[in-house]
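Taken in sequence, the protein lines are chains Y and U.
Under the working numbering, the residue at position 6 of the first sequence is numbered 6, and the numbers go up by one with no gaps.
If you want the working numbering, it's the position in the second sequence, counting the first as 1, plus 1000.
No lab work stands behind these hints, which were simulated from the structure alone.
Just to be clear, a hint being listed does not mean it is correct.
Said to hold, decoys possible - Per label pair, the in silico range of CB-to-CB distance:
id, chain 1, residue 1, chain 2, residue 2, range
1, Y, PHE129, U, TYR1101, 51 to 57 Å
2, U, ALA1175, Y, ILE166, 45 to 51 Å
3, U, GLY1119, Y, GLU10, 34 to 40 Å
4, Y, GLY190, U, TYR1101, 22 to 28 Å
5, Y, GLY159, U, GLY1122, 33 to 39 Å
What the hints assert, rightly or not - Non-contacting residues of chain Y with respect to chain U, defined by C-beta distances greater than 12 Å in every case (computed):
id, residue
6, GLY18
7, LYS65
8, LEU89
9, TYR164
What the hints assert, rightly or not - Which residues of chain U face chain Y? A partial, calculated answer using Cβ under 10 Å:
id, residue
10, SER1097
11, PHE1100
12, TYR1101
13, LEU1136
In this text, all values refer to a predicted model and were calculated from it rather than measured experimentally.
For each residue, glycine too, the CB sits at the ideal point set by N, CA and C.
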Amino acid sequence: MSLKPKSNWELIKNGMFGENTIFRMAISLCPSIAVTNGMKNGVALGISVVFVQTMVNMTVSLMRKFIHPKIRIPIFMLVIAGYVTIIDLLMATYARPIYKEIGLYIQIIVAFASIFARAEVYASKNKVFSSMCDGLGMGIGFLLAMVVISFFRELLGKGTLFGYPIVSGSPLLIMILPAGGFLAVGLLMGFFNWIDMRFFGGKGASGV
Amino acid sequence: MATEAKAHELIVSVSPHVRGQETVARIMWTVNLSLLPAFIMSVYYFGPLAAFVTGLCILSAVLSEHIYQTSLKKKSTIGDGSAFLTGLLLGLNLPPSVPFYIPIVGSVIAIVITKLLFGGLGYNVFNPALIGRAFLLISFPKLMTIWSEPTAQFVAMDAKTTATPLGVLKEEGLAKLIEIFGDKTDLYMSLLMGSRAGSLGETSAIALLIGAALLLYRGYITWHIPFSFIATVGVMAWAFGGQAGLFTGDPLIHILSGGLILGAFFMATDYVTCPSIRKGQIIFGIGCGAITMMIRLKGGFPEGVMFAILLMNCFAPLIDRGVKSKKFGAVKEQKEQKK
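All chains should be modelled from the sequences, with the hints used to inform the complete structure.
Here is the structure:
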């Protein structure tokens, strides 16, 4: 974390690109492989994460003066679980077909490293609005990563996007299987590292 | 000061001082040469299409290595024959009648992802040709299991499709397999000569054995991996492969069919991806054989050589560590006994 305070726009941008959950920090990789075999699922999970991340950051920041440091982890957990339950029930009611496919992963948002990490390192130490922006940026970064990964996986693996046929011919079936998920995440991570090194003078190492 | 040495000066260079004639390129091209009989047999049985598929594999493997290395401003290493060998092995592992894009996709995956992204020749964890084939088999399960009937005539256009011996064995049993080929001797002869359905280069056991003999004679491969691999397959086929109970199976069918000979002699013995200690190589071979037979007898695929070698490739460094010999004179650290 940089020491000097960032503007809210910088915080959002940082979450989207500089500290992108999947491609830069390399955390929350499990859902990025498990649900990205179709754009629909990837986008649905991404939007849920945007919501949960923003609300959790806001709530934790609101409560930061009252949380005793020794029990902060269970409290974060409860806050996250609360918002995940909201999303879970909403989806189960209004988006039944998608929920059938990725319902398990919606519940697993409770254990996402990225959400927990932001609550701990940012929201519990900063003001409400900037925490919200941080959460929003992180969530959008996750959403973008999910969109990029699932775009390539669905296009190559099924020849469709959002279920609509785009290309005909025999697709690379491996891309919608787990092995293809690892391939796609690895290659895209390498590609974004290359862009960072080539055009922005970054060091290119992913992870922290 | 000039750094060049004058004629009367002594030059002290880093060892080795005496070099043999063997180079990576020489070994690789010899292996390529040793696969020539199998290639000729594949063209003989499956027609000019076989040459086309294999050629396309080689061409795209060499080209993708060249393009990758020149675009990264590295020295192109296509001259050492390893990309050629990867393409050749991949080609010999494909079914005869694949559409043209399959060899290209497979070669690019094999060379760029399996070999070059890991650091080039000598750093790859898995056998590139086999990863290429595994990628293709999982991606195009239907196209990769259309097996043409060997015709031994140069008409490839309307080749009939049929099942591989292992496919028949898995689906319909031994009796049916013998019925297709006539009698048991005919079956063995067909398997030995290569007159059966299968991947391009794997069908003719005799041609592969000629090539393997060359490699063994030159000392490029040792008997450890192929022997333990094939022996394990034989023993397990004999013990568990029969319908009538234990020890009634037919080991010869399992040894001669599928890609066992090709895999055992030419792919499991890849220097980079197998253990380098002899004892480890025997363990490696036994592991390959055991996994092959597990897949053949109990798994979902009729053939398991490819997955067996790939799985054992992961364990090669671990095996090497396990069997490393103790330094002479070193004392083993004694653990304190718990009381």
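Taking the hints in turn, this is what the structure says about them:
1. PHE129(Y) <-> TYR1101(U): 51 to 57 Å: For PHE129(Y) and TYR1101(U) the Cβ distance comes to about 53 Å; the hint holds.
2. ALA1175(U) <-> ILE166(Y): 45 to 51 Å: 49 Å, holds
3. GLY1119(U) <-> GLU10(Y): 34 to 40 Å: Check passed, 38 Å falls within 34 to 40 Å.
4. GLY190(Y) <-> TYR1101(U): 22 to 28 Å: 24 Å, holds
5. GLY159(Y) <-> GLY1122(U): 33 to 39 Å: 37 Å, holds
6. GLY18: 25 Å, holds
7. LYS65: 50 Å, holds
8. LEU89: Non-interface label on LEU89(Y) holds, nearest chain U Cβ at 38 Å vs cutoff 12 Å.
9. TYR164: 22 Å, holds
10. SER1097: 14 Å, violated
11. PHE1100: Interface hint status for PHE1100(U): violated (12 Å vs cutoff 10 Å).
12. TYR1101: 9 Å, holds
13. LEU1136: With a closest approach of 9 Å, the LEU1136(U) hint holds.
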